[in-house]
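Modelling step: build the complete structure from the supplied sequences, incorporating the hints.
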Amino acid sequence: MTLRPPPPLPLAVASLPHQCSLLLRRLAERHSPAPACASSFLRALRCLHARLLTAKLLHAPSHRHLTLRLLHLYTLSPDLATPAVLFRSDPCPVTATSLVAAHATAGRLRDATSFFDAVPPAHRDTVLYNATISAFARASLAAPAVSVFRSLLGSGTLRPDDYSFTALLSAVGQMHNLAASHCTQLHCAALSSGATAALSVSNALIALYMKCDTTEASWDARKVLDEMPNKDDLTWTTMVVGYVRRGDVHAARSVFEEVDGKFDVVWNAMISGYVQSGMCADAFELFRRMVLEKVPLDEFTFTSILSASANAGFFVHGKSVHGQIIRSQPDFVPEAALPINNALVTLYSKGGKILVAKRIFDTMKLKDVVSWNTILSGYIDRGCLDKAAEVFEAMPYKNDLSWMVMVSGYVHGGLSEDALKLFNKMRAEDVKPCDYTYAGAIAACGELGALKHGKQLHAHIVQCGFEASSSAGNALLTMYAKCGAVKDARLVFLVMPNIDSVSWNAMISALGQHGHGREALELFDQMVAEGIDPDRISFLTILTACNHAGLVDEGFHYFESMKMHFGINPGEDHYARLIDLLGRAGRIGEARDLIKTMPFEPTPSIWEAILSGCRTNGDMEFGAYAADQLFRMTPQHDGTYILLSNTYSAAGRWLDAARVRKLMRDRGVKKEPGCSWIEVGSKIHVFLVGDTKHPEAHEVYRFLEVVGARMRKLGYIPDTKFVLHDMEPHQKEYVLFAHSEKLAVGFGLLKLPPGATVTVLKNLRICGDCHTAMMFMSKAVGREIVVRDVRRFHHFKDGECSCGNYW
DNA sequence: ATAGGGTTAG
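Mapped onto my numbering, the consecutive letters of the first sequence carry residue numbers 93 to 899.
Don't take every hint at face value.
What the hints assert, rightly or not - Within a straight-line C-alpha distance of at most 25 Å, the following computed DSS-like cross-link-like pairs (lysine-lysine) qualify:
1. K386 <-> K323
2. K544 <-> K579
3. K544 <-> K513
Just so you know, these hints were derived from the structure itself, not from any lab.
Shown next as structure tokens:
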């Protein structure tokens with residue numbers, strides 16, 4: 093669909109005041125925030141400006157409105173210097189007020205206040221003060237707003253009016269540590285000046301009281317409301333919104349029910365309140381009533397209800413709302429249609445219809461950062477990283493969210509190196525990362541085992557004042573844990589000002605991973621003692637910790653208390669972990685009983701746990717049964733075959749092992765690539781095991797080449813010959829290096845005595861067919877690597893090793 | 001020439 097450009101404005105005819113006035117208004121209507129329109133807009137504006145000059149209408153006292161309109165248009169254009177120049181030639185408070193307001197609306201606080209400062213105090217009037225207070229209020233800066241208000245009070249000649257109080261109250265309402273005493277104080281001041289007679293002041297007072305956390309404050313708000321002789325829709329809406337913000341949707345609803353003539357805004361506020369509280373069903377119910385009672389639906393209604401559908405996963409409902417919007421044929425201006433379209437893009441992309449989402453996105457007349465971010469995260473959520481990267485490159489404007497989504501999208505998609513590259517690019521472009529973006533970059537370091545880099549980022553976090561951010565803190569904690577730096581992880585945990593359940597879980601898991609099983613359990617108990625309810629992840633973590641430490645009875649205990657004390661039904665992952673724990677302890681019989689009491693049919697991961705338990709116990713009969721089940725459920729999963737065949741080999745039943753491998757070949761199952769090594773004399777032979785035609789094999793090769801070259805350059809390669817088997821000839825002779833999720837053999841291993849203890853990155857995925865798993869921690873790149881030879885079979889799935897042995 | 005509420009992306 094192509095849009096025809098509008099016919100040019102007949103600017104040349106502008107010579108009379110009414111013609112200029114008309115043209116200025118026309119031009120204002122043509123303004124659009126789209127950057128593509130900016131230059132043509134500015135050209136027309138300058139032309140009109142010239143006409144006004146020749147007609148001598150600029151600064152003519154009788155036509156001041158023309159000057160003001162022109163200045164306002166300039167504040168919408170990229171040329172912000174001209175209004176300042178024009179103002180200096182005629183610095184009156186009226187012009188200043190108009191400019192303050194225009195710049196404040198556009199979010200340019202500094203420009204806004206510069207015009208206030210430019211007017212000498214003696215020439216300022218109340219309106220200019222009011223506009224300036226409101227400018228600070230918009231920028232959420234309470235303190236300067238108050239000080240401007242104070243200087244208004246101290247001016248001697250001027251008195252604050254209802255506008256002054258309304259703006260002041262809204263500014264104070266944005267303070268972080270708003271105390272009820274502030275509200276009362278301001279309430280008194282407004283009362284004594286008589287400003288409370290104005291509806292806007294009373295409404296702002298209600299809003300202010302509702303922003304205090306105390307219950308008494310909400311009573312005060314109610315008292316203001318009850319004492320108002322006249323209330324308007326805003327009065328009620330403020331009350332409803334106030335309760336929603338406090339998280340008390342029920343109170344909001346009961347206020348809503350009090351309202352007599354139901355203004356649509358109150359409905360919208362109530363619906364969006366439900367959406368924000370995750371009570372989508374109630375939002376739908378209200379929406380239906382709105383339709384029945386013929387309350388006019390507007391863009392706010394549609395946007396909220398579409399978002400409710402997307403959040404609740406009710407895509408059919410969302411689609412029918414979409415139909416309803418189309419049928420009602422609303423003539424929304426592009427600005428009003430924008431949020432609806434954004435919500436639609438969200439709906440379809442969350443509903444898995446990314447193509448539909450993209451089509452809507454493409455046909456949108458007006459797009460903003462939200463639109464771009466929506467389609468970007470739509471691709472990220474679907475794992476289409478290349479598409480996402482394309483969108484990211486094409487974005488005409490980005491904000492910190494865009495960067496954050498892209499960086500953490502790369503991390504999530506396993507492309508941590510790309511995440512860090514992008515993060516560095518961001519800094520090179522002088523974009524300031526937000527705490528979530530830092531969290532993404534730090535997570536990338538954790539995945540890559542890049543402790544040094546992670547520590548640097550830690551320093552940046554402190555520098556930027558993000559120390560209090562729980563997302564950054566949790567990312568740091570996890571990163572240190574993955575890099576084996578438990579001490580640092582613990583330190584982060586101790587100094588974090590805001591600890592949430594994610595932090596607790598991360599710390600417990602860090603302890604569990606690194607062999608401090610008992611401490612992990614203690615920390616878990618401490619968490620419960622401090623009144624934090626553990627969630628399903630906490631239990632998964634604690635079961636894993638028990639697994640590592642071999643604490644079978646404790647594992648059982650926590651498993652039991654999960655549903656008994658915390659009302660959480662164990663999922664298949666919890667069962668799988670407990671079964672694994674039992675199997676490892678040789679209590680396969682109990683595992684067998686446990687399966688029978690499970691409220692659901694055993695899943696593949698349960699059978700896998702059973703199978704590896706049987707391997708430990710040599711219970712081949714039950715093991716073969718478990719394998720049968722696995723074959724039936726996931727016939728293409730290579731791990732099963734490998735696990736079973738190795739189980740047979742370990743039991744000395746070579747024929748059975750061979751039979752399983754043949755079955756695997758017959759069914760065309762490809763083996764995931766992985767590495768294995770064997771020491772022969774002074775040589776280490778490194779094998780790439782698995783299917784060379786496996787889609788991931790290529791990636792492993794590429795990875796090894798890069799890392800091998802890097803290691804060679806750094807001089808970390810010992811004299812020993814490394815041979816790579818199962819590879820193309822030119823790919824031989826690379827040193828393998830454990831890195832990110834790809835397991836390989838660490839360089840520098842030979843310098844270490846075998847049998848030393850190892851601290852390991854948990855997230856190494858490719859373990860494949862190896863009999864010896866080598867892992868490392870990247871502390872000080874190589875020199876401090878300690879290694880242990882683990883003579884057992886590992887199979888990794890979803891980032892975790894089936895043996896549960898993370899050392 | 002100035003004010004107060006409801007919308008969308010993670």
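Results of checking the hints against the structure:
no.	hint	result
1	K386 <-> K323	23 Å, holds
2	K544 <-> K579	15 Å, holds
3	K544 <-> K513	16 Å, holds
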